[in-house]
Every structure is written in C-alpha cells, then in structure tokens.
Amino acid sequence: MVEKNSFMSTREAAKEAGYSPRQLQNYITSGKLSATRGSDGKYLIDRSEFYRVFPDAYKQKSQENTKEISEEIFLNEIKYLKEMNNFLHKQLETAEKEKNYLLETLKSSQKLLEYGSGQTRKAKRKKIFWIF
Numbered sequence: 036m037v038e039k040n041s042f043m044s045t046r047e048a049a050k051e052a053g054y055s056p057r058q059l060q061n062y063i064t065s066g067k068l069s070a071t072r073g074s075d076g077k078y079l080i081d082r083s084e085f086y087r088v089f090p091d092a093y094k095q096k097s098q099e100n101t102k103e104i105s106e107e108i109f110l111n112e113i114k115y116l117k118e119m120n121n122f123l124h125k126q127l128e129t130a131e132k133e134k135n136y137l138l139e140t141l142k143s144s145q146k147l148l149e150y151g152s153g154q155t156r157k158a159k160r161k162k163i164f165w166i167f
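Sequential numbering of the sequence shown, starting at 36, is according to my numbering.
Be aware that a few hints might be false.
[Unchecked claim] Just the calculated beta-carbon pair ranges, DEER-fashion:
#, residue 1, residue 2, range
1, LEU116, LEU138, 50 to 60 Å
2, TYR115, ASP91, 32 to 42 Å
3, THR101, GLY66, 26 to 36 Å
4, ALA130, GLY53, 41 to 51 Å
5, GLU118, LEU138, 24 to 34 Å
6, GLU103, GLY53, 24 to 34 Å
7, ASN135, LEU110, 35 to 45 Å
8, LEU137, ASN111, 33 to 43 Å
9, PHE109, GLY66, 36 to 46 Å
10, LYS114, THR140, 37 to 47 Å
11, GLU103, LEU123, 23 to 33 Å
Derived by calculation from the structure, the hints in this document are not laboratory data.
Think of the CB as a built atom: it goes at the ideal place given N, C-alpha and C, for glycine as much as any other residue.
Put together the whole structure using the sequences plus the hints.
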C-alpha cells in the first residue's frame with residue numbers, strides 16, 4: 036500500500052518548484068523527472084524524486100518552515116514577556132501601596148512619640164520648678 040503523503044501531484048510539485056504544471060509534465064515526458072500515473076490518470080511524483088531533481092525546493096521549504104517556527108517562537112516569547120510585564124507592574128503597585136502605608140504608619144508613630152515626649156518634659160519641668 037502506497038502512502039498518500041509520499042506522492043504529490045504535478046500541481047503541488049509545480050507550486051513548490053516555482054514552475055508551471057505544464058513544464059513539470061514536460062520534464063516527466065522527457066525523462067528528467069520520474070512519475071507514476073494514479074488511478075485517475077494524473078501524474079503522481081514521489082517526493083524523494085522531486086527533491087532529487089529540484090534540491091533548491093527542499094532548501095526553500097525548510098527555510099520557510101524555519102521562518103514559521105522562529106516567528107511562532109517570537110510570538111510566544113512576546114506573549115510571555117507581556118504577561119511578565121503585567122505581573123511586574125502589579126507587583127510594583129503592591130510595593131508602592133505597602134511603602135505608602137508604612138510611611139503613614141511611621142509618621143503617625145513619630146507624631147505620637149513627639150506628643151508623648153512633650154507631655155513628659157512639661158511635667159518634669161513643673162516638678163523641678165516647684166521644688167526650687
């Protein structure tokens with residue numbers, strides 16, 4: 036049983052090679068490219084035979100695949116970086132809120148200390164003055 040993926044039609048082969056289907060049929064009839072006829076009477080070209088005759092088509096296809104893969108990698112990396120950016124922005128906002136809260140707490144504690152120390156000084160001074 037023949038795998039369907041191991042053969043390609045003259046139209047597919049022409050598209051990959053950058054030729055017209057008629058030119059490929061001329062290659063087949065002249066013997067430069069071997070092909071078999073399918074049950075419908077159309078030429079079926081073995082992929083390995085096609086890439087033997089047109090090696091540049093394989094290189095071009097592999098470059099296109101590499102380009103597609105690299106674009107997909109870049110898109111995934113951009114998506115990851117956007118998510119990381121959002122996460123870091125949220126973390127920064129949380130840190131700023133915490134900093135502001137701690138500064139307010141520090142200011143209120145400082146005011147309490149100043150108020151409390153002012154009361155004790157006045158009380159001590161009065162005692163000292165009453166003694167003299």
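Taking the hints in turn, this is what the structure says about them:
1. LEU116 <-> LEU138: 50 to 60 Å: 32 Å, violated
2. TYR115 <-> ASP91: 32 to 42 Å: About 36 Å separates the Cβ atoms of TYR115 and ASP91, which means 32 to 42 Å holds.
3. THR101 <-> GLY66: 26 to 36 Å: For GLY66 against THR101, whose Cβ atoms are near 34 Å apart, the range 26 to 36 Å holds.
4. ALA130 <-> GLY53: 41 to 51 Å: 58 Å, violated
5. GLU118 <-> LEU138: 24 to 34 Å: Holds: the Cβ-Cβ distance is about 31 Å, inside 24 to 34 Å.
6. GLU103 <-> GLY53: 24 to 34 Å: Given a distance of about 19 Å, which is not inside 24 to 34 Å, the answer is violated.
7. ASN135 <-> LEU110: 35 to 45 Å: Because 38 Å falls inside the window, the suggested range holds.
8. LEU137 <-> ASN111: 33 to 43 Å: 39 Å, holds
9. PHE109 <-> GLY66: 36 to 46 Å: 45 Å, holds
10. LYS114 <-> THR140: 37 to 47 Å: Because 39 Å falls inside the window, the suggested range holds.
11. GLU103 <-> LEU123: 23 to 33 Å: 30 Å, holds
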